[in-house]
Amino acid sequence: MSGHVIEVKSLYKDYQTAAGKFPVLKDVNLEIDAGDFVAIMGPSGSGKSTFMNILGCLDQPSSGEYMLNDQPVARLQGDRLAKVRNQTIGFVFQGFNLLARSSLLDNVALPLVYAGIDKAERHARARVLLEKVGLAKHVNSHPNQISGGQQQRVAIARALINRPSLILADEPTGNLDSKTSEEIMALFGELNREGITIVLVTHEPDIAEHASRQVRFLDGRIVEDILTGSVTEHGEKHV
Amino acid sequence: MFSAMLGEAWHAMGANRLRTFLTMLGMVIGVGAVVLMMAIGQGAEQAVKKSIQSMGSNLFIVLAGPPNMGGARSATGNAPSLNVKDATAMEDLEGVSNVAPINMGSAQVIYAGNNWNTSIIGTTPSYLDVRSWNLSDGYVFSDSDIRSATRVALIGKTVVQNLFGDDDPVGKTIRIKDSPFIILGVLDNKGQSLDGRDQDDTIIIPLTTSQRRVFGAQFSGSVRQIIVQADSDKVMPMVEDSLNSLLRQRHRIREGMDNDFSVRNLTALANSAAETTKTMSLLLGAIASVSLLVGGIGIMNIMLVSVTERTREIGIRMAIGARERDILMQFLLEAIVISIVGCLIGIGIGVGGALLVSHLTQAPIVVSSQSILTAFIVAASVGVFFGFYPARKAAQLNPIEALRFQ
Ligand SMILES: Nc1ncnc2c1ncn2[C@@H]1O[C@H](COP(=O)(O)OP(=O)(O)O)[C@@H](O)[C@H]1O
Ligand SMILES: [Mg+2]
Numbered sequence: 000m001s002g003h004v005i006e007v008k009s010l011y012k013d014y015q016t017a018a019g020k021f022p023v024l025k026d027v028n029l030e031i032d033a034g035d036f037v038a039i040m041g042p043s044g045s046g047k048s049t050f051m052n053i054l055g056c057l058d059q060p061s062s063g064e065y066m067l068n069d070q071p072v073a074r075l076q077g078d079r080l081a082k083v084r085n086q087t088i089g090f091v092f093q094g095f096n097l098l099a100r101s102s103l104l105d106n107v108a109l110p111l112v113y114a115g116i117d118k119a120e121r122h123a124r125a126r127v128l129l130e131k132v133g134l135a136k137h138v139n140s141h142p143n144q145i146s147g148g149q150q151q152r153v154a155i156a157r158a159l160i161n162r163p164s165l166i167l168a169d170e171p172t173g174n175l176d177s178k179t180s181e182e183i184m185a186l187f188g189e190l191n192r193e194g195i196t197i198v199l200v201t202h203e204p205d206i207a208e209h210a211s212r213q214v215r216f217l218d219g220r221i222v223e224d225i226l227t228g229s230v231t232e233h234g235e236k237h238v
Numbered sequence: 000m001f002s003a004m005l006g007e008a009w010h011a012m013g014a015n016r017l018r019t020f021l022t023m024l025g026m027v028i029g030v031g032a033v034v035l036m037m038a039i040g041q042g043a044e045q046a047v048k049k050s051i052q053s054m055g056s057n058l059f060i061v062l063a064g065p066p067n068m069g070g071a072r073s074a075t076g077n078a079p080s081l082n083v084k085d086a087t088a089m090e091d092l093e094g095v096s097n098v099a100p101i102n103m104g105s106a107q108v109i110y111a112g113n114n115w116n117t118s119i120i121g122t123t124p125s126y127l128d129v130r131s132w133n134l135s136d137g138y139v140f141s142d143s144d145i146r147s148a149t150r151v152a153l154i155g156k157t158v159v160q161n162l163f164g165d166d167d168p169v170g171k172t173i174r175i176k177d178s179p180f181i182i183l184g185v186l187d188n189k190g191q192s193l194d195g196r197d198q199d200d201t202i203i204i205p206l207t208t209s210q211r212r213v214f215g216a217q218f219s220g221s222v223r224q225i226i227v228q229a230d231s232d233k234v235m236p237m238v239e240d241s242l243n244s245l246l247r248q249r250h251r252i253r254e255g256m257d258n259d260f261s262v263r264n265l266t267a268l269a270n271s272a273a274e275t276t277k278t279m280s281l282l283l284g285a286i287a288s289v290s291l292l293v294g295g296i297g298i299m300n301i302m303l304v305s306v307t308e309r310t311r312e313i314g315i316r317m318a319i320g321a322r323e324r325d326i327l328m329q330f331l332l333e334a335i336v337i338s339i340v341g342c343l344i345g346i347g348i349g350v351g352g353a354l355l356v357s358h359l360t361q362a363p364i365v366v367s368s369q370s371i372l373t374a375f376i377v378a379a380s381v382g383v384f385f386g387f388y389p390a391r392k393a394a395q396l397n398p399i400e401a402l403r404f405q
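Chains A and B supply the protein sequences, listed in that same order.
Per numbering that gives the first Met the number 0, the very first residue in the first sequence carries number 0; after that it's consecutive.
Per numbering that gives the first Met the number 0, the very first residue in the second sequence carries number 0; after that it's consecutive.
Quick caveat, the hints were computed from the structure, so don't treat them as lab data.
Heads up, some of the hints might be wrong.
To be verified - Listing some non-contacts, in silico: residues in chain B with all C-beta distances to chain A over 12 Å:
| no. | residue |
| --- | --- |
| 1 | Asn-114 |
| 2 | Ser-131 |
| 3 | Gln-160 |
| 4 | Lys-233 |
| 5 | Ser-241 |
| 6 | Asn-243 |
| 7 | Ser-244 |
| 8 | Gly-255 |
| 9 | Thr-276 |
| 10 | Gly-284 |
| 11 | Glu-400 |
Said to hold, decoys possible - Derived list of chain A stretches under chain B, where covered just means 3 residues or more per stretch with a C-beta under 8 Å from a C-beta of chain B:
| no. | stretch |
| --- | --- |
| 12 | 64-75 |
| 13 | 81-88 |
| 14 | 95-102 |
| 15 | 106-120 |
Note that the coordinates shown come from a computational prediction; the quantities given were computed from them, not determined experimentally.
Backbone N, C-alpha and C fix where the C-beta goes; we use that ideal spot for every residue, glycine too.
Bound conformation, chain B alone (with noise of 0.2 Å):
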């Protein structure tokens, strides 16, 4: 019996194609634009989950220069206000395990004829410790390269692809602002940072060296930021408040004076990232999802056409004994059918259009089987749902207008 009420919706849908194929379009389009809209949202959110790893934990980062408030000054700030006597001092504070000061900016790098403009981290080697960013090849300098300020430097993987292309950069010099460096050892891949940089697109060298070769201080020891990692998730509000107080006594700021200098919570910031990019995951598929309504709308309208136009078939499968329920089915089962092929063939579309623009973006795409999942089951919601007022018109026809019908 159901059976052989499948055969005839598939039948019935094989009389009309293309306005089967139309129908279908709608849901095909829906249930794509659900999938692929969930790979990219998904794919972002991964992305930040895996920055936010790369990143490091527990972690602060105290900027020279006042809050930024109300978005007139400049975040980095350009006042020397922090400096590596600052970053000394942060060591001995309770629930720090450690702290690293950096200089930061850009250089022109040139290695063989080969020259790439790329960010040069000035900094101390517990800087790889509060990242966790280990090395693939060479060895870190130490602290006595920090101390005599030798021009030493570890290079990221896509300089090093920029500059060496295949060939080993271990050993090598390369130069940074006309000095030249010897290049110690290759950073491990980062990836991308939570605000999009290329983080292997970097080269790290001695604190000391980046301020008198690379940067020039203007004051001797200034740096621009300080990166402060933390015991445990549990001591950040108390590491916070006495890297405040600390500081404010340090520079000497007076009671009710702002400070020259700002705490910024790092990992807190990732995690609001992170939300956000839930958020916007969810948005897109909320807005997708509008689209599988649409493509509902579209099978229950052409299910209302298609039972007006069968009226007299209605009539005639009534009168030789179908039952109410019989005639519900079998429009029901049309629109299930309709909508779950459609919802299929927008499965392949999705994941295809997904495929093809982390292809074309290197954006990153995740389709997941529960997106795929969800797709299928709401599609098919969709069809039992907007089927059924069609489908229930049918059944409550009367056999002798129905056979009247022309």
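Just chain A, same shape as in the assembly (with noise of 0.2 Å):
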């Protein structure tokens, strides 16, 4: 028991292309703690958002170990790979991804319906977030009756339904102005301060400094690992 919620070892990520094999990560090492707020930061194209695939068990590294709570999940195919990502993470993206033609309620309850919870729970659950979300009102709403902030409330509430310990969010400001975006951020602060690890990326230093560590992405490497105040070099493990 290492006692990490993520631990990633050497891990690789290649692209086949027309023009051969196109590697993206090389050689990534990274070590996240429960309770961690981590920024994960670099330039368009670093690979930011393969490593948060590869991390939400929706993508597989070519090579490397990937440990999630002790699990070893890099090679986890099917069923096992739908029940971690249904229950030990939730994942936002930029893009909110909420179903257009079910109601709020419906999106939030949806990660239930796979996990075979009936429906009286699943809305009961799902009412209790969007409430806690700020969206109490709005439980019949469609995602295209609400603004892009409020749309990713939602997702956040959906990401949160199956009580997971880990949230990985991939730029989930992107799509907003920068006051809806520190109120999502003041979410995710909230959220961690309850004692949920995430982990999010960002372009944006403003929105990196709701963070307690921040981890720097260049080229398919991480090339700097700062804790609040204190910086380490990429590697080394951090306090």
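Make the complex out of the two chains shown on their own, each in a separate frame, by following the hints.
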């Protein structure tokens, strides 16, 4: 038992392109502890999203190890992978990714359908979470009837519904104005204070300020890993 | 879980009503056609069965004139090669229970200013036994009427309707070819014959009277046909042989010469007619099934489009924990719901169409619960079969690529 929520060792990811093998992640090593609030930064194309997708069990690495709550998940397949996505991780996307035809309540409750939970409990839990993100009045609205910031709140509520230990967010404020972005980040801060581990990707330094740790990617490698106030070199374990 | 998915399938169908309707239309038409065709086919089968029953059992028909070979010669035959004495001789053959000589033709019949052209059958009382034909009113003429060639008649229901309307015909006098005939009785309803004639559009008179008054026989005592009833199904081949040898002997036909008559096994003919309608009925069903198949392909087509359009949705569902079988079930269920709803509408239209057809054409129609059940099961299977490929395609999408899809 290492006690880490995430433990990534010499992770590689290549894409097969017409020109041949194209490496995107090159020997990435990272450990994230329970309760951490990590901002992943770096220029466009540096491999942040690729990394997040692997962390979120949406994609598999070409080689390397990924332990999630001490379970090796890098090679998981099929239903077991689906279960990890459903129960252990909450994923928040830049584009919200809500189902346009479903009400907010149904959107938030959807992961519970795949967890096999009955309708009454699904709706009760979805209501509680919509209230928590400040959308109690909008349970029966549809995604196109609310603002972008509100949509991202719904997406966060959905990510929380199975009480995951980890929230992954790939540029969650990328489509939002700065005021709304601040509100969303405040919500993430609040969740982190409640004990949820958060890893989010962002371009913007002021967004990254909300995190307690900043990891910088460049060209498929981690080049910087800063704990609030203190700087450690890549590869060294932070305190 | 299942009900949630069923609800979503319903929801997805409602999201694009026109498309769902058009997809369903293939199913509706397919099932409607199957139900309608089966109704018509089974109706025809039942009509044939009924006319076979109305025909009488274990029957031979002996026709005057040589057998119809190559289609050059007429089967009814003009040659007066059969006569009443042949019929009398047949009665003594082993295995024969009834013999009825027949002359027939059509004639104009008049009653109180009403005119009706109908078929006239001149025969003996045993004809009614052979055909198991009863009277609904009055009584049958007797052998003494045959001997003295009295002008009496039994008339069919269709003739009654056209000449008498609601009046009671028994005891009234009609004119057949200008000769007055007294009506002794009214024949029971017999319905359609195998070749589609209305058997109730007929008048039965004594054979001798028909020869003298109506058709005029070139040779006294000649008849067109003799109907022979055998005791049982088993003795049919034996009776057929003895009919042939009896007539060859009586007509002095030498070895190697052709018959101047023909003996036909009516029961065998009827059975082959029944086989034919059965085949036709199956064929109709098969043709209609093709449209069901086309409907199924339509569903597959639309489901494939739907999977492509909803790639992103599939990615989202996978990202939040949907298993392959969840996605598979979602799309499969949608295909099944479309086919079953289409099927139900199709059954409604098929049954309605069948009723309409039978109303408009008087054609016999049988809508059986069995044919409806068959259509339903086939439609549901079509939904599963044609829904499976698109559903599996959806389930096997890669979540990352699905999420990137715009
Ligand atoms: N499916 C793919 N096939 C080929 N190359 C890809 C694919 N996905 C991402 N890449 C490439 O990998 C690199 C990293 O992409 P990404 O992880 O999205 O970067 P970031 O999120 O940091 O902007 C980019 O150069 C991108 O073009
Ligand atoms: Mg990115």
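Hints, verified against the model:
Its beta-carbon lying about 73 Å from the closest one in chain A, Asn-114 of chain B satisfies the requirement of being farther than 12 Å from that chain. Residue-level check passed: Ser-131 of chain B sits 67 Å from the nearest beta carbon of chain A, beyond 12 Å. With a closest Cβ-Cβ approach of about 64 Å to chain A, Gln-160 of chain B is found to remain outside the 12 Å limit, as its non-interface label requires. Against chain A, the non-interface label of Lys-233 of chain B holds: every CB pair exceeds 12 Å, the least being about 69 Å.
With a least beta-carbon separation of about 80 Å from chain A, Ser-241 of chain B lies farther than 12 Å from that chain, consistent with its non-interface assignment. The Cβ of Asn-243 of chain B lies farther than 12 Å from every Cβ of chain A, with a closest approach of about 79 Å, so its non-interface assignment holds. The beta carbon of Ser-244 of chain B is kept farther than 12 Å from every beta carbon of chain A, the shortest such distance being approximately 83 Å. Annotated as non-interface, Gly-255 of chain B keeps its C-beta farther than 12 Å from every C-beta of chain A; the closest such distance is 85 Å.
With a minimum CB-CB distance of about 51 Å to chain A, Thr-276 of chain B clears the 12 Å threshold, and the non-interface call stands. With a least beta-carbon separation of about 40 Å from chain A, Gly-284 of chain B lies farther than 12 Å from that chain, consistent with its non-interface assignment. The beta carbon of Glu-400 of chain B sits about 10 Å from the closest Cβ of chain A, which is not more than 12 Å, so the claim that it is off the interface is violated. For the stretch 64-75 of chain A, the assignment as covered by chain B is violated, since 0 residues bring a beta-carbon within under 8 Å of that chain's beta-carbons and 3 are needed.
Three residues within the 8 Å Cβ limit are the bar, and the stretch 81-88 of chain A against chain B gives 5, so the coverage statement holds. Check on the stretch 95-102 of chain A: 5 of its residues sit with their Cβ under 8 Å from a Cβ of chain B, so the three-residue criterion for coverage holds. Under a criterion of three residues with beta carbons nearer than 8 Å to beta carbons of chain B, the stated coverage of the stretch 106-120 of chain A is upheld, 7 such residues being counted.
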